[in-house]
Amino acid sequence: MIGRVPDKGYCFRRTEFQLTQEWVADYVGAVEDSAIDVEVTPPMAVATQAIRILLSEMPLPPGALHGGQDLEFLRPVGRGEQLSLQARVANSSSRRGLIVIAVDLVVEDRSGATVMRGRSTIMASAE
Amino acid sequence: MGGIRGISEGMELPLVEKELTQEKINRYAEVSGDLNPLHIDSRFAENTPFGGTIAHGMLVLSSLSELMEKTFGKRWITSGRIKARFRGAARPNDRLATSGTVGKVDDGRAICHLECRNQEGTLLVSAEAMVTF
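Just so you know, the sequences run in chain order A and B.
Residue numbers for the first sequence follow my numbering, beginning at 6 and rising by one.
Residue numbers for the second sequence follow my numbering, beginning at 1220 and rising by one.
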């Protein structure tokens, strides 16, 4: 993948995932979120897991940077809830040794309803 | 204008302050699965333009979400939107201050302008966040 930019429109395979109680607790501890209710999954935790999956599907060269992040939260996600991620390349470019890629993320619940969507913009050296 | 109790245009949002350490960055790397050496390998990071390790953008962004949670509670979780741009690198031992103001309140929504800066006042993240009622 180093130096190779996925084409605009490329769809990553749909991936199912679950935010376990244990992982959410680890996440809350790692970000030191003092505002979140113990019963609620922080919306950023959903985004973090979605991006984690994206990174596993789209390995980036060391030193890649997060340029921007758009997110929209549509409903609370329960701890232990089964979700799925669909990601699609919204835009990609390669110029002067720099790759810039924008990926749209849609997280759905078991019924197919969207619980979160967003766009991640990532920059990496093409070398 | 508005109709959102306790929220008015120009209002300052509660400050969220965090202290970054390499240990916290490493912990976030484990939880998030983002093991980019730029965040956790000082030898690698020293040879980049950053000159040292930096925090994950999503780790810093979590402070902005926390600010919105504190202000708007469940509304943030059920209707929140954020558009964030990473402007600068957050480093180990930085003290981060995330602040915001309510920009506009109308038609059942509040739009807020958020910033995260380090102890030197350097802008690290800027964002526009919105909730609906």
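Mixed in with the good hints, there may be bad ones.
[As the list claims (entries may be wrong)] Which chain B residues face chain A? A few, computed with CB under 8 Å, are given here: (1) I1226; (2) M1230; (3) V1250; (4) R1300.
Hints were generated in silico from the structure; no laboratory data involved.
The beta-carbon is built from N, C-alpha and C at its ideal position, and this holds for glycine as well.
* **Restraint outcome when I1226(B) is required to lie within 8 Å of chain A by C-beta distance** => Violated, about 16 Å.
* Regarding the hint that V1250(B) lies at the interface with chain A, is the smallest CB-CB distance below 8 Å? -> holds (4 Å)
* To do: Under 8 Å, Cβ to Cβ, is where M1230(B) needs to be relative to chain A, so tell me if that hint holds or is violated.
  => violated (18 Å)
* Was the hint right that R1300(B) lines chain A, CB cutoff 8 Å? -> Holds, because the Cβ-Cβ distance from R1300(B) to chain A comes to roughly 5 Å (cut-off 8 Å).
Consistency with the previously given hints fails for numbers 1 and 2, ordered from lowest to highest.
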